[in-house]
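Going line by line, the protein sequences match chains X and W. Here the first sequence is numbered in my numbering, starting from 77 and rising by one per residue. Here the second sequence is numbered in my numbering, starting from 8 and rising by one per residue.
Treat the hints as calculated values from the structure; they're not laboratory data. Please read all numbers here as calculations on a predicted model, not as lab measurements. Careful, some of the hints might be misleading.
As the list claims (entries may be wrong) - Simulated restraints, written as ranges between beta carbons of each label pair: (1) G485(X) with E402(W): 33 to 43 Å; (2) H164(X) with P515(W): 38 to 48 Å; (3) R151(X) with L581(W): 23 to 33 Å; (4) Q244(X) with A91(W): 15 to 25 Å; (5) P487(W) with G112(X): 32 to 42 Å; (6) R632(W) with A274(X): 43 to 53 Å; (7) T90(W) with R151(X): 52 to 62 Å; (8) R151(X) with R9(W): 49 to 59 Å; (9) L581(W) with G112(X): 28 to 38 Å; (10) H164(X) with S486(W): 48 to 58 Å; (11) Q222(W) with G485(X): 18 to 28 Å; (12) Q244(X) with P515(W): 18 to 28 Å.
No residue lacks a Cβ here, since even glycine has one placed at the ideal position from N, Cα and C.
So the chains spell out like this:
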Amino acid sequence: MRRDINDTIAAIATAHGQGAIGIVRISGAEALAVLGRVFRPMPAEILSHQMYYGSICKDGEVVDEVMVCVMLSPRSFTREDSVEIYAHGGQFVLGEVLGAVVENGARLAEAGEFTKRAFLNGRINLAQAEAVMDLIGAKSGAARRAALRQLGGGLSQRIETVRDKILQWLAHIELSIDYPEHEEEARNASEILAEGGAVVADLKKLYETATTGRIIREGVRTAIIGRPNVGKSTLLNAILHENRAIVHETAGTTRDVLTEEVRIADIPLVIMDTAGLRETSDPIEKIGIEKTHEAAQDAELILYVADSTDGLTQEDKKIIEGLGQSAKQIILMNKSDLRESDDKSDSIKISAKTGEGLDKLFTKIRELFLAGNIGEGAESDIITRERHKILLEQSANHVTQAMQELQNGIPEDLVSVSLKAAYICLGEILGVEIGDDIVDRIFSEFCVGK
Amino acid sequence: MRMRKIIVIGGGHAGCEAALAAARIGARVTMFVLSLDSVALMPCNPCIGGSAKGHLVREIDALGGQMGKAIDATFIQSRMLNTAKGPAVYSLRAQADKKRYMEYMKQVLESEPNISLREGEVVDILTEENKVVGVRIESGGVVDCDAVIVCTGTYLNARCLYGETITHTGPNGLRNSKGLSESLKRLGFALQRFKTGTPARIHRRSIDFSKMSVQHGDEKLVPFSFETDPATVAREQVPCHLTYTTPRTHELIRESIHRSAMYSGLIDATGTRYCPSIEDKIVRFADKERHPVFVEPEGLYTQEMYVQGMSSALPEDVQIEIYRSVTGLENCEIMRVAYAIEYDCIDATQLTLGLEAKHISGLFFAGQINGSSGYEEAAAQGLVAGISAANAQIEIGRADGYIGVLIDDLVTKGTAEPYRMMTSRAEYRLLLRQDNADLRLTPKAYAAGLIPASRFATFQQKASAIQQEITHLQNTTISPEVANPILAAKSSTPIKSGARLSDLIKRPELSYFDFKDLRPWGRCPQSPTREHSSLDPHHLLAVFEQVDIQLKYEGYIAIQLEQAAAFRKVEEKLIPTDIDYNSIGGLRLEARQKLSALRPVNFGQASRVTGISPADLSVLMVYVRTLQ
Chain X
77 MRRDINDTIA
87 AIATAHGQGA
97 IGIVRISGAE
107 ALAVLGRVFR
117 PMPAEILSHQ
127 MYYGSICKDG
137 EVVDEVMVCV
147 MLSPRSFTRE
157 DSVEIYAHGG
167 QFVLGEVLGA
177 VVENGARLAE
187 AGEFTKRAFL
197 NGRINLAQAE
207 AVMDLIGAKS
217 GAARRAALRQ
227 LGGGLSQRIE
237 TVRDKILQWL
247 AHIELSIDYP
257 EHEEEARNAS
267 EILAEGGAVV
277 ADLKKLYETA
287 TTGRIIREGV
297 RTAIIGRPNV
307 GKSTLLNAIL
317 HENRAIVHET
327 AGTTRDVLTE
337 EVRIADIPLV
347 IMDTAGLRET
357 SDPIEKIGIE
367 KTHEAAQDAE
377 LILYVADSTD
387 GLTQEDKKII
397 EGLGQSAKQI
407 ILMNKSDLRE
417 SDDKSDSIKI
427 SAKTGEGLDK
437 LFTKIRELFL
447 AGNIGEGAES
457 DIITRERHKI
467 LLEQSANHVT
477 QAMQELQNGI
487 PEDLVSVSLK
497 AAYICLGEIL
507 GVEIGDDIVD
517 RIFSEFCVGK
Chain W
8 MRMRKIIVIG
18 GGHAGCEAAL
28 AAARIGARVT
38 MFVLSLDSVA
48 LMPCNPCIGG
58 SAKGHLVREI
68 DALGGQMGKA
78 IDATFIQSRM
88 LNTAKGPAVY
98 SLRAQADKKR
108 YMEYMKQVLE
118 SEPNISLREG
128 EVVDILTEEN
138 KVVGVRIESG
148 GVVDCDAVIV
158 CTGTYLNARC
168 LYGETITHTG
178 PNGLRNSKGL
188 SESLKRLGFA
198 LQRFKTGTPA
208 RIHRRSIDFS
218 KMSVQHGDEK
228 LVPFSFETDP
238 ATVAREQVPC
248 HLTYTTPRTH
258 ELIRESIHRS
268 AMYSGLIDAT
278 GTRYCPSIED
288 KIVRFADKER
298 HPVFVEPEGL
308 YTQEMYVQGM
318 SSALPEDVQI
328 EIYRSVTGLE
338 NCEIMRVAYA
348 IEYDCIDATQ
358 LTLGLEAKHI
368 SGLFFAGQIN
378 GSSGYEEAAA
388 QGLVAGISAA
398 NAQIEIGRAD
408 GYIGVLIDDL
418 VTKGTAEPYR
428 MMTSRAEYRL
438 LLRQDNADLR
448 LTPKAYAAGL
458 IPASRFATFQ
468 QKASAIQQEI
478 THLQNTTISP
488 EVANPILAAK
498 SSTPIKSGAR
508 LSDLIKRPEL
518 SYFDFKDLRP
528 WGRCPQSPTR
538 EHSSLDPHHL
548 LAVFEQVDIQ
558 LKYEGYIAIQ
568 LEQAAAFRKV
578 EEKLIPTDID
588 YNSIGGLRLE
598 ARQKLSALRP
608 VNFGQASRVT
618 GISPADLSVL
628 MVYVRTLQ
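Bound conformation, chain X alone (with noise of 0.2 Å):
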């Protein structure tokens, strides 16, 4: 895990933030190796400043439709071989083609270091050689405030417990080699693998807040659904505090997709108010009712309206399976001013009227979305960088490979290396360098010499 000038980078190169397009950049001698593995279709030959159309692709997915402009040396701002990749803008879109670019073959380029490299290959002259100094140390700088700012008290603590938990399994795997004639006091291989799972599932949830941080920036995807007439506009409207939908008494006044966006409790919703779904004829209703499908689709939270006064019925329920399981779900039982509903203790009685019940509502929508990925979460208490929740992933891959390898029977030594991969990504999230700890993890958990 060195850093080394010969390594091939990539960073994030456009302001963070929603823009309509942002820019991914690769520096350095395998940048076109490694735009090969993830660019479709790559052009058999490539030709330098030009642009080609294509898609990211990421295990076999498109991740996004995109445009590539290779530059190869020397004429690109490091002198190295550079590509640019222009995608969608939004950090989520951004993340994933960074995502699928370090997954093969670049590393995340450390804070300045596209400059650092400009100069080293003779692009910035002499003169500006201090200011390069200047900058490199203060981005540093801020970088690490940032990651620490970011990272918080509790997430830092979760992600120290699991890389502790790892640095644990390594020391008893390297007593056993260094002391052999006190190997008794080491676990064997069949105690990690019961472990191995655990410390899997834990990486996973670290890294689910990551995508909890892109919420935080870029909205809850939220889809209004309900038959019609139930007062869907209404709640919007509620939500909204403005008149924005048209509101009308007949059904079926909505026929398109209404999206807004509105910050509750902390959290950004993005929310598409939907046509109501029923069996229609009317050709316009139709397209309205597939757009509300494909709402719903998109969704990743759904908020059912169902009428009070007429219960929760068995159309309802026949349009709540079909939702399936994706989004996370919440019923509202509307108009409760007009009617005492003693239905389901799961549902939320609202009156989009009145605004009474609404309070319920955002706490219930901060639960799903906060307090329910992250525990005591707070905003500050999530991930928010790329950086930490690729790095996540990698140590989650490489405990995965470890406890695969220790199945196959694979010796200790090389069980060792993905173990110690996994520690070293973690360590990197914290910013902390891996030093002597396992020496004298051994030394302070163990008994042993002569």
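Take the given structure of chain X and dock chain W to it, following the hints.
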């Protein structure tokens, strides 16, 4: 050309290898020892090798050193450890006959024409303009020289302690070295005080072996030296025994812990976590119900037995009681008591990677004086110091050998306690195996003039036979009819169509040796190596073992080779040693101070200096570029 005159101070394991390496390269060596009767003494455990240490011995041998051959000639038990834990950590460990080991080594030194052995104490190192010009000995005489290698081990200003008893001696009651500490201080070395210890020796007849479990040597013997034919080392072996402490042992120690020299405040030197005394173990690991104790013979012609695991600085009366509380030692007769020993050592960060003082040309250090612990660690440093002092060039990096890891750790990071080699310290462990030490280092040894042309020729034959056989296996496909009976015998899934031998060997349940004796068939030719090689059978066997390991772990090895190549690129990026770090604006103050003090020679070394961040390195890289 005038021969380079080198003085080696000390005749321990570092001193022996230093003198031999320098002499073999062609320097004129005088070796001063405090006593000619204690050359190559093993003052502590009677064994050579073990995990990582065995690797060091193999590397010393690959570089033309003597330790491997000495133990091959004098071992009384030998075992290959860790055979189930993977090829990178196979470790050879042998019990030595201490006396015979010393005799062997002294004889080798005596028969080397370029070495003069001389009893006497060196009390001062003489310099002119930061360059070594000679030494002064106890009698006042001055001996001129071009270089000095200081290998004072645990003798420098040493004292031994147990209970309230203090003797101002080196180990085993031998005289210590007094004058040199002051000389080193005057020359600008920061001395540290380190501490280690040794258990009691007990009489064989007083031990009840029936209460212990026995540990025999291996039947199939593997020598340490690549040049030793295994057939020549067959001998009757002596067993070791394993027993345990009892609750009574722990009780006794807790009662009298305040009387240990380690706990009464008599010792304030830095001890080691690597060989804690028995009282340390009881205090630090209070929940442990028992500790293992190994009883090992000190030699064939002595009744003294070494009691590994029972090092102590408790008073004699308590020692007798606690030893007798160990299962099987109820009636043991102590012949030598256990004691702790304190000695002076330097801070090795004052040295270059060639173990030469950065501020005094011609002054070298090797062994425990550099803060290490262990015979093998000392010998490895002695070898490198001997080579450097003789003005030969050799570079052994962290990706080339444990020797590289050892020396880089000592001179780049320094050590706060006696440093023991461990396989966990090596980043490229899969490459630094004990089986391939010759492939890694012998070419370097030949280039430096450490080994004769005849040995190198054999080595080259072996190396090319390995390549040839690997290529042969990669190009040889065998049919299901031929392969499946062999696979069935090993419960391996049968093949449906032809498979390459190199692929079959990768299956965990199979090895090269399952296919080695296949006769030629069909389109599959017989191996040229097996048919025509003129190598001795034992070298040929080494070829086969090498082929097996290299093919079996090819994937893993390839990954580490790639990492090592990237590592070496950074090591090749040199930093001028006359840089004024204080003039680099972007560098943090801490980094300026650390780098000024250590003066790393390349970016790899700079990256390993404690407290240097990646950003510091980037700034330094930019700065160095501005100098060009």
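Do the hints match the structure? See the list:
For the pair G485(X) and E402(W), the beta carbons lie near 38 Å from each other, so the given range of 33 to 43 Å is met. The hinted window of 38 to 48 Å between H164(X) and P515(W) holds, with their beta carbons roughly 46 Å apart. The hinted range of 23 to 33 Å is satisfied by R151(X) and L581(W), whose Cβ atoms lie roughly 29 Å apart. A beta carbon spacing of about 21 Å between Q244(X) and A91(W) agrees with the range 15 to 25 Å that was offered as a hint.
With their beta carbons about 37 Å apart, P487(W) and G112(X) fall inside the hinted range of 32 to 42 Å. The hinted range of 43 to 53 Å is satisfied by R632(W) and A274(X), whose Cβ atoms lie roughly 48 Å apart. Distance hint for T90(W) and R151(X): a CB-CB separation of about 56 Å, consistent with the stated range 52 to 62 Å. Taking 49 to 59 Å as the suggested C-beta distance range, the pair R151(X) and R9(W) conforms, at roughly 58 Å.
The given range of 28 to 38 Å is respected by L581(W) and G112(X), whose C-beta atoms sit roughly 34 Å from each other. Checking the proposed 48 to 58 Å range against H164(X) and S486(W) shows it holds: the Cβ atoms sit about 54 Å from each other. Take Q222(W) and G485(X): their Cβ atoms lie about 26 Å apart, and the range 18 to 28 Å holds. Evaluation of the 18 to 28 Å hint for Q244(X) and P515(W) yields a pass: the beta carbon distance comes to about 26 Å.
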